[in-house]
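Student: The lines below spell out each chain.
Protein chains: 2
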Amino acid sequence: MISNSHVANANIIEGSGEPRTHILKANSENIRWGNIGKGDAVLTVNSGDIVTVEAITHHSGDDYERMIQGDAGVEDIFHWNESEKTEADRGPGVHIMTGPIAVEGAEPGDVLEVKILDMRLRSNGNGEYAGKTYGSNVAANWGYLYGEMEEEPVTREVVTIYEMDSDGGTDYAKALYSYRWTPQTDPDGNVHPTVDYPGVIVDHTTVKENHNVLKDVRVPVRLHFGTMSVAPKEADIVDSVPPSYYGGNIDDWRVTEGATMYYPVSVPGALLSIGDPHAGQGDSELNGTAIETSVTGDVQVILHKKDNLNNKLKGLNFPLLENENEWVVHGFSYANYLAELGENAQKEIFNQSSLDKAMKDAAHKTKAFLMRGMQLTEDEAYSLMSVTTDFGVTQVVDGNWGGHAVINKKLFGDAEREMTPLRSTFEQFGAQIKWEPATKMVSILYNDNILSATIGETTATFNGETIKLIAPIRLNAQKSAEVSEYFADFYQAKLSKTK
Amino acid sequence: MISNSHVANANIIEGSGEPRTHILKANSENIRWGNIGKGDAVLTVNSGDIVTVEAITHHSGDDYERMIQGDAGVEDIFHWNESEKTEADRGPGVHIMTGPIAVEGAEPGDVLEVKILDMRLRSNGNGEYAGKTYGSNVAANWGYLYGEMEEEPVTREVVTIYEMDSDGGTDYAKALYSYRWTPQTDPDGNVHPTVDYPGVIVDHTTVKENHNVLKDVRVPVRLHFGTMSVAPKEADIVDSVPPSYYGGNIDDWRVTEGATMYYPVSVPGALLSIGDPHAGQGDSELNGTAIETSVTGDVQVILHKKDNLNNKLKGLNFPLLENENEWVVHGFSYANYLAELGENAQKEIFNQSSLDKAMKDAAHKTKAFLMRGMQLTEDEAYSLMSVTTDFGVTQVVDGNWGGHAVINKKLFGDAEREMTPLRSTFEQFGAQIKWEPATKMVSILYNDNILSATIGETTATFNGETIKLIAPIRLNAQKSAEVSEYFADFYQAKLSKTK
Numbered sequence: 001m002i003s004n005s006h007v008a009n010a011n012i013i014e015g016s017g018e019p020r021t022h023i024l025k026a027n028s029e030n031i032r033w034g035n036i037g038k039g040d041a042v043l044t045v046n047s048g049d050i051v052t053v054e055a056i057t058h059h060s061g062d063d064y065e066r067m068i069q070g071d072a073g074v075e076d077i078f079h080w081n082e083s084e085k086t087e088a089d090r091g092p093g094v095h096i097m098t099g100p101i102a103v104e105g106a107e108p109g110d111v112l113e114v115k116i117l118d119m120r121l122r123s124n125g126n127g128e129y130a131g132k133t134y135g136s137n138v139a140a141n142w143g144y145l146y147g148e149m150e151e152e153p154v155t156r157e158v159v160t161i162y163e164m165d166s167d168g169g170t171d172y173a174k175a176l177y178s179y180r181w182t183p184q185t186d187p188d189g190n191v192h193p194t195v196d197y198p199g200v201i202v203d204h205t206t207v208k209e210n211h212n213v214l215k216d217v218r219v220p221v222r223l224h225f226g227t228m229s230v231a232p233k234e235a236d237i238v239d240s241v242p243p244s245y246y247g248g249n250i251d252d253w254r255v256t257e258g259a260t261m262y263y264p265v266s267v268p269g270a271l272l273s274i275g276d277p278h279a280g281q282g283d284s285e286l287n288g289t290a291i292e293t294s295v296t297g298d299v300q301v302i303l304h305k306k307d308n309l310n311n312k313l314k315g316l317n318f319p320l321l322e323n324e325n326e327w328v329v330h331g332f333s334y335a336n337y338l339a340e341l342g343e344n345a346q347k348e349i350f351n352q353s354s355l356d357k358a359m360k361d362a363a364h365k366t367k368a369f370l371m372r373g374m375q376l377t378e379d380e381a382y383s384l385m386s387v388t389t390d391f392g393v394t395q396v397v398d399g400n401w402g403g404h405a406v407i408n409k410k411l412f413g414d415a416e417r418e419m420t421p422l423r424s425t426f427e428q429f430g431a432q433i434k435w436e437p438a439t440k441m442v443s444i445l446y447n448d449n450i451l452s453a454t455i456g457e458t459t460a461t462f463n464g465e466t467i468k469l470i471a472p473i474r475l476n477a478q479k480s481a482e483v484s485e486y487f488a489d490f491y492q493a494k495l496s497k498t499k
Numbered sequence: 001m002i003s004n005s006h007v008a009n010a011n012i013i014e015g016s017g018e019p020r021t022h023i024l025k026a027n028s029e030n031i032r033w034g035n036i037g038k039g040d041a042v043l044t045v046n047s048g049d050i051v052t053v054e055a056i057t058h059h060s061g062d063d064y065e066r067m068i069q070g071d072a073g074v075e076d077i078f079h080w081n082e083s084e085k086t087e088a089d090r091g092p093g094v095h096i097m098t099g100p101i102a103v104e105g106a107e108p109g110d111v112l113e114v115k116i117l118d119m120r121l122r123s124n125g126n127g128e129y130a131g132k133t134y135g136s137n138v139a140a141n142w143g144y145l146y147g148e149m150e151e152e153p154v155t156r157e158v159v160t161i162y163e164m165d166s167d168g169g170t171d172y173a174k175a176l177y178s179y180r181w182t183p184q185t186d187p188d189g190n191v192h193p194t195v196d197y198p199g200v201i202v203d204h205t206t207v208k209e210n211h212n213v214l215k216d217v218r219v220p221v222r223l224h225f226g227t228m229s230v231a232p233k234e235a236d237i238v239d240s241v242p243p244s245y246y247g248g249n250i251d252d253w254r255v256t257e258g259a260t261m262y263y264p265v266s267v268p269g270a271l272l273s274i275g276d277p278h279a280g281q282g283d284s285e286l287n288g289t290a291i292e293t294s295v296t297g298d299v300q301v302i303l304h305k306k307d308n309l310n311n312k313l314k315g316l317n318f319p320l321l322e323n324e325n326e327w328v329v330h331g332f333s334y335a336n337y338l339a340e341l342g343e344n345a346q347k348e349i350f351n352q353s354s355l356d357k358a359m360k361d362a363a364h365k366t367k368a369f370l371m372r373g374m375q376l377t378e379d380e381a382y383s384l385m386s387v388t389t390d391f392g393v394t395q396v397v398d399g400n401w402g403g404h405a406v407i408n409k410k411l412f413g414d415a416e417r418e419m420t421p422l423r424s425t426f427e428q429f430g431a432q433i434k435w436e437p438a439t440k441m442v443s444i445l446y447n448d449n450i451l452s453a454t455i456g457e458t459t460a461t462f463n464g465e466t467i468k469l470i471a472p473i474r475l476n477a478q479k480s481a482e483v484s485e486y487f488a489d490f491y492q493a494k495l496s497k498t499k
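In the order they appear, the protein sequences are chains V and U. Here the first sequence is numbered in the UniProt record's numbering, starting from 1 and rising by one per residue. Here the second sequence is numbered in the UniProt record's numbering, starting from 1 and rising by one per residue.
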């Protein structure tokens with residue numbers, strides 16, 4: 001694990017007893033629509049604080065009844081009639097971004113760590129559809145095969161509505177119905193022949209619902225945030241669509257519960273915002289969107305100061321993902337398109353993308369990460385990448401196309417798996433530890449949460465749910481239990497979360 | 001499962017009692033070096049036959065002592081001195097291809113199924129290194145970052161030798177040493193300043209071995225065949241490097257034990273050849289090679305006649321992979337470069353490759369496969385791909401670059417999971433079935449092999465080794481055990497294999 005994050009946790013504990021918690025409700029006050037960048041923060045947090053963030057999908061208008069109606073927060077955001085438009089300022093991108101959140105003391109050159117502690121589907125607000133959550137997938141005009149379909153009309157846009165259990169009782173989504181997009185007229189009288197403006201409410205009397213769609217097919221739900229971003233220094237207002245060095249619309253489904261993202265900070269306060277929640281997406285996001293749905297997440301925000309960065313974070317110039325088993329490096333057609341493409345970068349990027357460029361960027365970044373982070377020579381890094389690292393296609397639909405490299409942590413064995421004393425780490429935090437010698441089981445209790453693990457086993461349980469450990473808890477020479485730093489950091493934050 | 005393959009197995013059983021088994025030893029008689037295509041078969045088999053294929057790496061000369069010396073078959077293949085060169089005809093590609101194997105009755109339009117039943121490392125023949133197997137990774141001149149390194153000389157080639165347990169006792173490889181390529185003189189007096197000709201024996205007095213390399217790093221061993229191919233119709237002799245519709249050097253690490261490949265047959269007899277074995281490779285094969293080592297595999301060859309193809313195989317025009325959990329579609333920069341690039345195709349392809357083209361090909365093929373194979377409409381297929389299918393980078397170093405799409409079978413649930421009666425399926429084959437009502441355990445015995453599973457459990461054991469089931473064995477309404485067709489086909493072939 002990142003030894004810095006461990007230090008950061010220690011600081012949190014010393015400073016304030018425990019991290020503060022905050023809630024960012026979804027409403028028109030707490031979001032920006034279609035852009036990220038500089039501007040007033042809606043919340044300021046300390047390093048170590050935990051924020052519950054309600055993130056709303058910009059595709060809610062594809063089925064007003066199931067995705068907006070009866071949900072006060074979402075109704076507020078989408079409110080638009082002939083006389084009023086709550087969120088008048090939508091664009092140049094499309095995503096509803098909750099935030100920005102300023103981080104106390106963050107300065108250019110620092111690294112912001114965002115741990116995703118929990119993610120859950122947002123229930124729909126309409127009693128008629130109780131117990132369900134809905135999401136929309138749009139085969140959009142910016143999709144990868146738009147205009148290249150076999151059947152006529154080859155340029156069609158198709159919306160497919162997916163249904164899920166709102167409490168996550170099932171782990172899959174099912175397609176409910178689909179319809180072909182028809183020109184939609186907004187309250188200002190403008191006609192939208194294609195999906196070209198966010199938040200347009202589809203008039204279902206103008207479309208033909210096809211309820212015979214993807215019968216017997218179950219899509220695994222893998223909740224993730226399509227867009228998490230700090231603000232770039234290059235521009236004040238930035239289109240939320242193309243991702244870049246500061247994060248943004250990376251659309252990697254690995255940005256999920258249990259994952260940590262690291263972003264290079266380039267403006268004071270960092271200015272984190274979160275949006276574009278997805279219930280399912282494949283690497284490539286082929287037709288232009290995922291299953292776009294609304295999700296609430298708990299994230300812990302940890303600031304790493306520039307003078308105190310470990311090898312993995314030193315010089316970080318891209319959004320880096322870590323989870324219990326992997327490091328994931330994100331490359332793009334343009335590593336920093338705002339700087340590389342000049343004044344019209346935000347328009348130009350949509351004409352310049354290429355997977356070939358994204359792959360090259362990912363390859364160079366991965367080599368640099370292995371050299372800097374794992375202290376390998378260039379020849380060692382290059383050989384290891386060839387024989388182990390899996391390169392994939394993150395997305396080919398977001399202007400600045402993305403390629404990623406998945407680095408298996410197990411390669412580095414114990415060197416990468418730093419252990420920390422279990423009892424003192426968790427007790428320092430205020431948790432209660434129980435030890436049953438007969439079964440060799442450790443239980444850690446805090447805030448009505450319970451985490452249990454047995455010495456030597458590779459799984460544990462958190463509130464009854466089975467979780468996988470990167471390394472089993474072990475007894476050291478002093479017969480004290482030790483746990484991997486990753487495990488300690490992640491579950492320490494999760495236990496401390498106010499429910 | 002493919003219902004045809006089930007039919008094919010039934011035919012085998014009716015025709016000959018059980019599949020015949022064959023052994024293709026590695027020696028100069030049984031291989032072609034550097035090319036695939038038409039020509040005399042070294043073996044002719046019936047549909048259903050099982051062939052043990054010894055596949056030898058063309059990189060054995062990178063460490064003669066550890067990879068050639070004392071192994072009669074490999075010595076025979078590599079034999080080259082001033083007066084004699086056993087395999088004089090090497091090229092235009094590089095791989096040592098065992099075969100070709102003709103399949104009785106195979107005709108253009110048929111589909112050849114190749115099930116990989118088992119793969120194992122080949123021991124080195126030198127008593128000094130008993131118990132070990134070695135492999136070579138070369139950061140080669142055709143590598144993706146060649147000439148773009150940070151450190152001088154940026155155009156260097158580096159060989160890294162990896163060591164493994166020859167009996168697979170450990171599941172990882174460790175780097176043993178590396179050296180920078182220096183000009184090597186072959187027995188004919190030609191100097192090779194770079195890695196430009198297959199089978200050159202490196203003179204270790206001319207290189208400097210660095211034994212301080214990748215300390216504490218463990219590379220997971222994932223054995224696979226880099227190159228399996230039927231012969232194309234477009235040319236008689238084809239460079240073994242660029243993959244294409246007929247398979248060849250796909251370099252997908254998923255072509256491993258438990259996987260099945262399907263190839264469109266385009267010449268009489270199909271002419272299957274197998275080579276380029278790898279002990280580990282990441283998606284992209286970034287520096288130009290994998291851990292290149294010698295491997296022996298058992299494969300079962302099943303012919304599907306063109307008039308009797310199921311929906312998934314009908315019109316198949318690319319190499320398709322199936323394993324217990326996935327379908328994998330392979331796309332290339334050029335789907336059929338031999339036909340598309342004209343007379344000089346085999347040279348031109350090395351100047352024309354692009355991941356953008358490979359991704360586009362993979363996307364179109366995946367949509368077509370879902371429509372044809374799963375009977376989805378175009379709109380259903382396109383939505384499903386976006387929300388579930390993971391696109392990856394197969395390789396960016398083989399001339400005709402590759403992209404692949406991984407389709408999760410679980411999406412299709414029971415529809416894709418056809419069940420077959422366990423007892424009659426295996427007894428028809430000559431296996432003995434034991435049933436213990438108390439523990440609900442089924443044991444299937446044949447040829448000193450034993451396969452055991454418990455009703456309702458998702459794992460089973462094969463000769464004591466735990467295996468994962470796509471679906472648990474279940475009792476049907478008649479209280480008879482049923483098993484997934486995939487499981488039945490795969491383990492039926494594996495049980496019947498002569499040890």
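Note that these hints are calculated values from the structure, not bench results. The model shown is predicted, which means the values in this text are computed figures rather than measured ones. Mixed in with the good hints there might be a few duds.
As the list makes no split between identical chains, a pair holds if one copy fits it or if it spans any two.
With a cut-off of at most 16 Å between alpha-carbon atoms, the simulated EDC-like pairs for lysine to aspartate or glutamate come out as follows [unchecked claim]:
no.	residue 1	residue 2
1	360	150
2	357	148
3	215	378
4	434	257
5	132	167
6	497	257
Student: If a hint holds in the structure, say so; if it doesn't, say that too.
Tutor: Each hint tested on the structure:
When the C-alpha separation of residue 360 and residue 150 is checked against a cutoff of 16 Å, the pair qualifies only between copies, where the shortest distance is 14 Å, while the shortest distance within a copy is 32 Å. When the C-alpha separation of residue 357 and residue 148 is checked against a cutoff of 16 Å, the pair qualifies only between copies, where the shortest distance is 14 Å, while the shortest distance within a copy is 23 Å. For the identical chains of this complex, residue 215 and residue 378 are inter-copy neighbours only, at 14 Å across copies versus 51 Å inside a copy, given an alpha-carbon limit of 16 Å. In this assembly of identical chains, the alpha carbons of residue 434 and residue 257 never lie at most 16 Å apart, being 26 Å within a copy and 45 Å across copies at closest.
Taking the shortest Cα distances, residue 132 and residue 167 sit within 16 Å of each other inside one copy (8 Å), while across copies they are farther apart (53 Å). Within a single copy, residue 497 and residue 257 get their C-alpha atoms as close as 14 Å, which meets the 16 Å cut-off; across copies the closest is 45 Å, which misses it.
Checked against the numbered hints given earlier, the structure breaks only hint 4 and satisfies all the rest.
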